[in-house]
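Top line first, the protein sequences correspond to chains A and B. Residue 1 is where the first sequence starts when you use the working numbering, and the numbers rise one by one after that. Residue 1 is where the second sequence starts when you use the working numbering, and the numbers rise one by one after that.
Watch out, some of these pointers could steer you wrong.
What the hints assert, rightly or not - BS3-like mimics (lysine-lysine), calculated; alpha carbons at most 27 angstroms apart, straight line:
hint, chain 1, residue 1, chain 2, residue 2
1, A, K62, A, K321
2, B, K340, B, K132
3, A, K33, B, K64
4, B, K301, B, K216
5, B, K132, A, K169
6, B, K338, A, K177
7, B, K229, B, K304
8, B, K64, A, K260
Just so you know, these hints were derived from the structure itself, not from any lab.
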Amino acid sequence: MDGKILSGELAAIISCSMLGIGMLTLPRTITEKVHSSDGWIVLILNGLLIAVFVCLLVAMLKKHQVTNYFTYMEEAFGIWLSKIVGLLVVLYFIGVASFEVLAMSEMVRFYLLEDTPEEIVILTLILASVHLLTGKIKAIAKVCVFFLPLTIVIVLFIYLLSVRVVDMKNIQPVLSKGLLPVMKGMGSGALSFFGIELFIFLFGVVKNQNKVKSGVLLGFFIPVILYVITYILVVATLSVPEVKAVTWPTISFIQSFEVKGIFIERLELFLLITWILQFFCTHAIYYYFAAEGMTRIFKNAYTTNLIVLVPVVFILSEIPKNTIQIFKMSEMLGYVFPVILIGLPVIAFVIVQVKRSRRSR
Amino acid sequence: MKRLWVFLLIPLLSGCWDSENIEELSLVVGVGIDLSKNKNEIMLTQQILVPPGYSLQENQAKLKFKNVTVSAKTLHEAIRDSLLLTNTVLTNHQRILLINEEVLREIPMEAIINQSIRDNNTRRSCFIFLTKRPTKEILQRADDGEIPSNVIYDLKDNEKRTNKILPTLTLGQASSSLQSDGSFAIQAVDIKGGKLILQGAGVINNSKLVGLMNNKDIESLNWLNGSVKGGIIEAVHHGAPFSVEVDKRRRRKITTELNGDQLTINISVGYTARLSEDWYDKENSFKESYLKEAERKAEEKVKKDVEKIIWKLQHQYKTGVAGLYRYVENQHPKFWEKNKEKWDEIFSEADIKYQVDLKIIDFGSKGGIK
């Protein structure tokens with residue numbers, strides 16, 4: 001990998017890869033499981049839990065002086081097994097990349113361009129991200145650093161104008177049914193935390209290794225805070241039973257008010273546009289890691305992999321045929337996510353630890 | 001090789017797939033729903049804007065809108081059928097939805113607004129009104145060529161000046177309420193003296209229209225809800241009428257108590273006000289005791305009105321339109337969980353105590369007579 005990134009850029013990449021489809025559906029997915037308005041507690045608890053684990057992971061990676069995760073896996077699993085594991089990881093990356101572009105095309109089809117063929121929307125986005133990815137991680141970092149503040153400012157501005165329709169009574173009572181449903185709902189937010197696992201693969205590229213932890217945590221908490229605000233505002237506006245009933249709760253929420261007096265009456269357009277940028281970032285980042293992973297496994301050229309992945313991602317994103325299947329796909333990816341984030345690094349760490357201590361003996 | 005890129009870029013210049021010429025679109029500003037004469041069908045009236053200067057030469061005083069009416073079994077079918085008469089309809093800018101009383105007696109409201117909620121273009125911020133007359137008639141009522149939908153839309157801005165208007169009900173709110181306890185009041189529109197007027201309201205319970213309210217009831221309901229934003233309280237003291245203008249809400253507090261299964265709801269609201277008119281010939285507003293007396297009389301008047309509406313809600317409509325269930329849910333979640341199915345019953349038997357506290361802070365530019 002040529003070119004190292006700063007810890008601030010790391011934060012931007014992590015944030016951008018987390019802010020994807022999760023933000024638009026999260027009030028529903030969480031409320032469905034929790035059955036009350038306590039989803040924000042789930043989000044906060046989940047966030048803190050993952051943050052603690054992330055700190056632990058950083059310490060682990062630092063201890064073993066990991067510069068590249070695929071080389072590290074080779075040390076842990078041996079050459080052949082590591083290739084298989086690596087391939088599975090790459091498959092997951094391809095899966096998420098296709099899912100994000102698919103979700104975007106679904107949103108665009110429904111709210112913006114009804115008659116434009118989905119294939120065109122999908123292909124345009126894939127090709128645009130391939131073009132970006134020829135610049136490797138440094139280019140992605142620059143795009144993320146540019147898009148992230150824009151997204152945050154626009155989203156917060158829209159939220160500020162929503163205050164009139166928010167009814168805080170709807171998110172009370174807090175913990176009406178006790179902690180148990182909250183605990184049960186803990187797994188439901190997984191989709192929203194997609195993206196945090198990428199820092200394991202980014203670990204070696206950061207210039208100043210001592211700042212990795214602060215970069216990752218900053219990048220992690222920006223979306224988490226946005227999620228909590230989103231959840232509270234959306235549920236407070238739509239009420240719990242309604243949130244469970246609508247497909248895109250965050251967009252429905254923004255459609256429930258309009259601003260008079262300014263030339264921008266309808267704000268959902270701005271959210272949609274910003275979110276296309278976010279979908280693009282998320283997609284590009286996952287795409288990059290898929291290509292990068294393949295380069296490590298097959299030891300071929302990075303550019304070849306970029307091009308090979310175009311039809312793969314395209315076809316994969318063509319498989320789910322309706323809204324239900326799209327949400328099913330996200331559920332499936334939700335099961336793999338903890339394995340990549342928690343299972344894999346922990347197992348790799350233990351094996352490497354054992355191997356290294358044996359060698360030193 | 002470099003030139004190849006230029007050729008590849010050409011398709012991008014060919015324009016947008018979804019582009020449509022604006023003069024070929026029908027911008028819908030208002031929609032009305034009636035029962036059709038055909039059995040099991042509903043009638044949909046769409047009010048469509050006609051761009052100014054569209055046919056300037058023919059007729060100067062041409063209307064700024066046109067109405068398209070079609071009937072079908074479902075609303076979406078009706079919308080599609082309307083395409084036989086007009087250009088592609090665009091509901092992005094729909095401001096109001098009028099529903100005829102008869103419709104809500106026959107068809108659940110949930111079903112009536114279903115299409116609009118599902119639709120990707122109609123916004124959840126569009127307002128819903130009830131009508132006694134056929135909505136078709138209301139949407140045709142144009143004074144000075146104004147667009148009826150916009151007239152109705154703007155009328156609701158007056159809620160700062162009068163308390164005979166219910167807080168506006170948006171499509172989104174209606175949908176949320178129908179998902180929750182399903183009872184709320186909706187403002188009605190009528191024609192009086194050839195003009196469009198906001199008058200009366202309907203009470204919806206479980207998606208059905210269960211009763212009608214007059215302006216007096218609306219006023220009392222607003223007091224009960226604490227949603228009064230302005231307007232006048234008329235009362236009598238020393239045998240002469242006087243009016244107090246409501247200024248600002250200072251507080252609103254609702255507590256609920258449970259005694260076994262008996263629910264008590266305590267509501268207390270506080271407002272500042274102005275003595276705006278007084279017919280008593282020995283008025284002396286410069287004296288504090290005089291104002292205190294007026295305050296008390298006005299409070300009594302409000303309290304009496306509110307008690308009447310509480311009685312009506314509990315015995316006539318048997319439903320908690322006022323959204324009080326939220327407070328029960330929040331303050332006694334366990335009780336609510338157990339009893340939410342029979343909330344209407346519990347509400348009807350609840351003990352509702354209402355307190356109003358008015359503070360007259362000024363009396364205008366005149367305070368005494370003689």
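Status of each hint after checking the structure:
Annotation: proposed proximity of K62(A) to K321(A) is violated, straight-line Cα distance about 44 angstroms (limit 27 angstroms). As the CA atoms of K340(B) and K132(B) are separated by approximately 32 angstroms, the hinted pair breaks the 27 angstroms bound. Between K33(A) and K64(B) the CA atoms are separated by roughly 50 angstroms; this puts the pair beyond 27 angstroms, and the hint is violated. Our distance criterion of 27 angstroms between C-alpha atoms is met by K301(B) and K216(B), whose separation comes to about 12 angstroms.
Between the alpha carbons of K132(B) and K169(A) the distance comes to roughly 33 angstroms, so the proposed pair goes past 27 angstroms and is violated. Straight-line distance between C-alpha atoms of K338(B) and K177(A) comes to about 12 angstroms, which keeps the hinted pair within the 27 angstroms bound. With a CA separation close to 19 angstroms, the supplied pair K229(B) and K304(B) stays within the 27 angstroms bound. With a C-alpha separation of about 22 angstroms, the suggested pairing of K64(B) with K260(A) holds against the 27 angstroms cut-off.
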